[in-house]
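Chains as they are written, first to last, in my numbering: chain S, 61 to 344; chain A, 1015 to 1354; chain W, 21 to 299.
Please note that the accuracy of each hint is not assured.
For the chain A half of the interface with chain W, some residues (derived, Cβ under 10 Å), not all of them [said to hold, decoys possible]:
| hint | residue |
| --- | --- |
| 1 | D1129 |
| 2 | E1133 |
| 3 | S1134 |
| 4 | G1238 |
| 5 | P1240 |
| 6 | K1244 |
| 7 | H1263 |
| 8 | Q1268 |
| 9 | A1294 |
| 10 | N1298 |
| 11 | N1321 |
Calculated lysine to aspartate or glutamate pairs in the EDC-like style (CA-CA distance at most 16 Å, straight line) [said to hold, decoys possible]:
| hint | chain 1 | residue 1 | chain 2 | residue 2 |
| --- | --- | --- | --- | --- |
| 12 | A | K1087 | W | E110 |
| 13 | S | K264 | A | D1289 |
| 14 | S | K233 | A | D1044 |
| 15 | S | K69 | S | D113 |
| 16 | W | K201 | W | E55 |
| 17 | W | K98 | A | E1293 |
| 18 | A | K1303 | S | E126 |
| 19 | W | K262 | A | D1289 |
| 20 | A | K1177 | A | D1147 |
| 21 | A | K1174 | A | D1196 |
| 22 | A | K1034 | A | D1196 |
| 23 | A | K1303 | S | D250 |
Listed next, with one range per pair, are the computed distances between beta-carbon atoms [stated by the list, open to error]:
| hint | chain 1 | residue 1 | chain 2 | residue 2 | range |
| --- | --- | --- | --- | --- | --- |
| 24 | W | I35 | A | T1059 | 56 to 62 Å |
| 25 | S | K94 | A | L1021 | 56 to 62 Å |
| 26 | W | E204 | A | R1084 | 50 to 56 Å |
| 27 | W | F246 | A | E1227 | 36 to 42 Å |
| 28 | A | L1272 | W | M21 | 25 to 31 Å |
| 29 | A | Y1063 | W | K61 | 49 to 55 Å |
| 30 | A | K1244 | W | E210 | 46 to 52 Å |
| 31 | W | K201 | A | K1244 | 46 to 52 Å |
If you are wondering where the hints come from, they were derived from the structure by calculation, not from laboratory data.
Positions of the beta carbon are idealized from the N, C-alpha and C atoms, including for glycine.
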Amino acid sequence: MKDIENRLKQEAKRLLESGEAEVVLAYGRGYDEKHPMPYAAKAVSDVDNIVFDEYCTFNMTRYLTEYPLGTKIAIAVKSCDSRTLIVLMQEEKVKREDIVILGIPYRDMIDSKTGKAIDNSTACNLPNPVLYDILLGDEVTERDDGSPYDVLKELEEMELDVRWEFWSKEFSKCIRCYACRKACPMCYCDPCFIDQSQPRWADKSPSLESNLMFHLTRFYHLAGRCIDCGECSRACPVDIPLHLFHKKVSKECEEMFDQVSGMSLDDKQVMVDFKMEDSDEILL
Amino acid sequence: MLKKIGLEKLNEFVSALIEKGTLFAPVKGDAGVDFQEIKNAGDVTLDFYNTLQSPKCVFFPQTDDMVRYRLKKETTDIEEISLDFEPRIAFGIRPCDVKSFEIMDKLFTRGGIVDPYWESRRKNTTIMGYAFDAVDPADFYGAFGIHAADTTGSDVFMVKGEKNLLLKAITEKGEKLLSSVDTLEDALEEDRKYFEERLKKGAELETRTLSLEGVAGKLRDMFGSPYWEKVAAPCLNCGVCTFVCPTCHCFDIQDETLFGEGTRRKIWDSCMFTDFTLEASGHNPRTQKSQRLRQRVNHKFSYYVTNFEVTSCVGCGRCTRSCPVNIDILTVVEEAVESV
Amino acid sequence: MHNPYRPIPVEITKIVTEVDTNDIKTFRLSFVNKEDEKNFKYIPGQFAELSIFGKGESPIGIASSPTQPGYIEFTVQKAGVLTSALHDLEEGTQIGIRGPLGNSWPIDYLEGKNIVIVGGGFAFTTLRSLVNYMLYEDNRSRFGNITVVYGARTPGLLIYKNELAAWEERDDIDMYVTVDKGDETWAGREGFVPTVCKEVGPSSENAVTVICGPPIMIRFTLPVFFDLGFSKENIITSLEMKMKCGIGKCGRCNVGEKYICKDGPVFSLAELDKLTPEY
Ligand SMILES: Cc1cc2nc3c(=O)[nH]c(=O)nc-3n(C[C@H](O)[C@H](O)[C@H](O)COP(=O)(O)OP(=O)(O)OC[C@H]3O[C@@H](n4cnc5c(N)ncnc54)[C@H](O)[C@@H]3O)c2cc1C
Ligand code: SF4
Ligand code: SF4
Ligand code: SF4
Ligand code: SF4
Ligand code: SF4
Ligand code: FES
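Let the sequences and hints guide you as you build the complete structure.
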């Protein structure tokens, strides 16, 4: 891991020095060792602040859309993060030629809030980035972790009403802080539908109904685009397992269209036209 | 007055409290412990560090209904929601959070304009403070002169020992409550000793800290500094830090209507949201996240100090613990002040 | 306990469409309960929250003067949810009002001075309140010369046309009404407000200017008054920030440590200079 950090610093320095990148999106020190932060290095002198350890869970692609198109950006990505890049490129939010991708071959990151390892039940946890220019270490060897959808088994086996109860309970907890939306690299709309006042799509006060309106619409906007990075769930202060819902939608998409989001630049996105009724069905 | 109750009899005691008024106490949920209105004594827990969200919900719930209305063809029927709240008990409040109530009082009664929704619950509530027995690395309440077993502001102060919960009446209100509950036993000399010992130990526990000297002025002076852009770079502009904060008081007022029936309500809002200051014309004085983070920090550590002579933060560490990108308000203030 | 969030019932007794684009209307409101009218004591420059259940509330400057008993008036531009709903209402409808809110034009400070009123577009509302207040026969002698420069983009966008005409007739107020661009009906002055102010060139001697209008007008007018020798203490304006509670609680309308709903909306330029530049 120290090796990855050193390589990351080396490359960041080189790219900033040569001008190949105006900014390097990576990770920096936080208030203690267990709490690193997203970090944007803009000058060679910033590079010393870069860190990498198992707590660097952030999907840095979240910040790409903040930069004007055409900015030369180098970005550190782990496996799921690289898949986000592919989707963002398919959606022309970033251009392949503007981005230097620094791939991080590392899995089993640790969620600093829970202290638990991130595995394929909460994220995609592929061993290696799918797309990169420079790999900052040796490829991680494959391992049989089972499918990232195995975690859905329990939910899928539930009776309809039990499943409804499960999700009702979860969504009732939502305090509408919008951390899930803000942490998600695919939620870049401005303004987001939920912030509009004419018409107002859902009440601002949290209630099961308005929360469902927010989440179902958001799920629907992410169908076929979510790449299972799990940032939404990790950001949620009240631990709503949003990733389970996203995984379920992804699984359906995969079965219907035989395509996994963010795995190849050549894929055309499955622009699935879910209707609210359909997503309800998935929910139940 | 010092009383005690065996931990195994906590349920009995809580049941007695429920009889005395609306009880808010810590309950264990999936993500952590949070304050809830208690219906079942068994739900209450004393085993937690601090709650995920703050106890401000006791006086200032996320959604606070003011008026119910029914829209009719020609007229609107209006029903004001009563402010005659039953007496309340806030149980298990950590010393830093107790202090937060006093800070919020200043805002909600400023300039003689009293917010009746805050005030009528507040004056009706007995606060049962609860000593910390450890320190989380995110906390910095020490910076505000609060310590882990600080009894200031509590009506009753509680210390949990190995076998007993010790309860000391701090105010008359507290004394009244304790003497009205007969499940409690009188404390013995050894309990008294233990209690005093814990207060002493609490005062010695060290949190992170910060010198507040000159902070308000310095923050104001560096309003235009590029520092804000740098420090706000990771910020997502979610509302977590402000929603979990015991001293964040911002709210929206919304009319929420369904099929002609609706409610006008106050709903928590956050200066971190992009539309917080967005006007109907499209003009927005705070379009950048650096402006919004600066507002949050300056409001707490500078503007509030100018207006009310107290920092609008008690160092409870919640915002830091809950921030999805680990932005730590103490570090932000520290570095800001250093950068001047 | 007094509830400052409770709207007082009022009835719309008169609606005047002010401009030819139809998106600015003046609403005359009468209190349903006489008691409320007595308690609603306001000073020019203050505002109130207009309330329609189901639509919400909006802060609107009071356009009438306390010297006009029996009603209060508001001139409202159709913008978003509340203001659009208000525009759809008819005379006779009941709505709600909370207030009066905020500080006011500094009447005490204005007393004994020459007053220059500068307004642009529909931001003339609380200035109109002030003019009517000063022109009121019991008050007129408390103030020196009154000069009004008021402009709009087109003749059709001037508000309070009848009143402007009536003021023109008086000899105790100097009126300079101007439009950026006239049309066939317009026999009056053409020219931008800053230019007209320069032409009029009011003396800064014992004078205060009170100015309200679009930011761009204000930006170009201020240098004119600086050149005329007006100090920052003697240039007074009204700020606008998004509001909800109107009473300094909801935390939305602050500029630095000042809450525009409570400490404002009226500030002198000297006071504005001390605020953080974020409005
Ligand atoms: C002190 C003051 C005096 C004003 N006087 C007048 C006046 O005399 N005539 C007039 O037409 N307009 C006036 N405005 C502007 C007016 O308040 C807004 O145009 C109005 O609130 C828009 O509300 P809405 O519901 O139609 O728009 P929406 O976009 O639906 O707004 C929703 C809510 O946001 C708040 N809000 C939005 N824009 C503003 C804003 N610009 N200022 C304050 N709050 C806002 C209001 O609470 C509003 O109800 C004044 C504003 C202030 C602060
Ligand atoms: S929805 Fe969640 S898992 Fe999917 S891309 Fe967004 S943050 Fe990642
Ligand atoms: S992060 Fe969690 S609490 Fe916040 S809006 Fe999303 S689901 Fe709700
Ligand atoms: S919780 Fe963190 S990321 Fe979210 S708004 Fe606050 S500081 Fe920004
Ligand atoms: S700002 Fe943070 S540390 Fe301070 S009181 Fe609020 S949540 Fe606690
Ligand atoms: S302005 Fe921001 S920091 Fe201050 S109380 Fe409101 S939400 Fe909290
Ligand atoms: S409008 Fe609520 S504080 Fe000013």
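Looking back at the hints listed earlier, which ones does the structure fail to meet? Hints 5, 6, 16, 21, 25 are the ones this structure does not satisfy, whereas the remaining hints hold.
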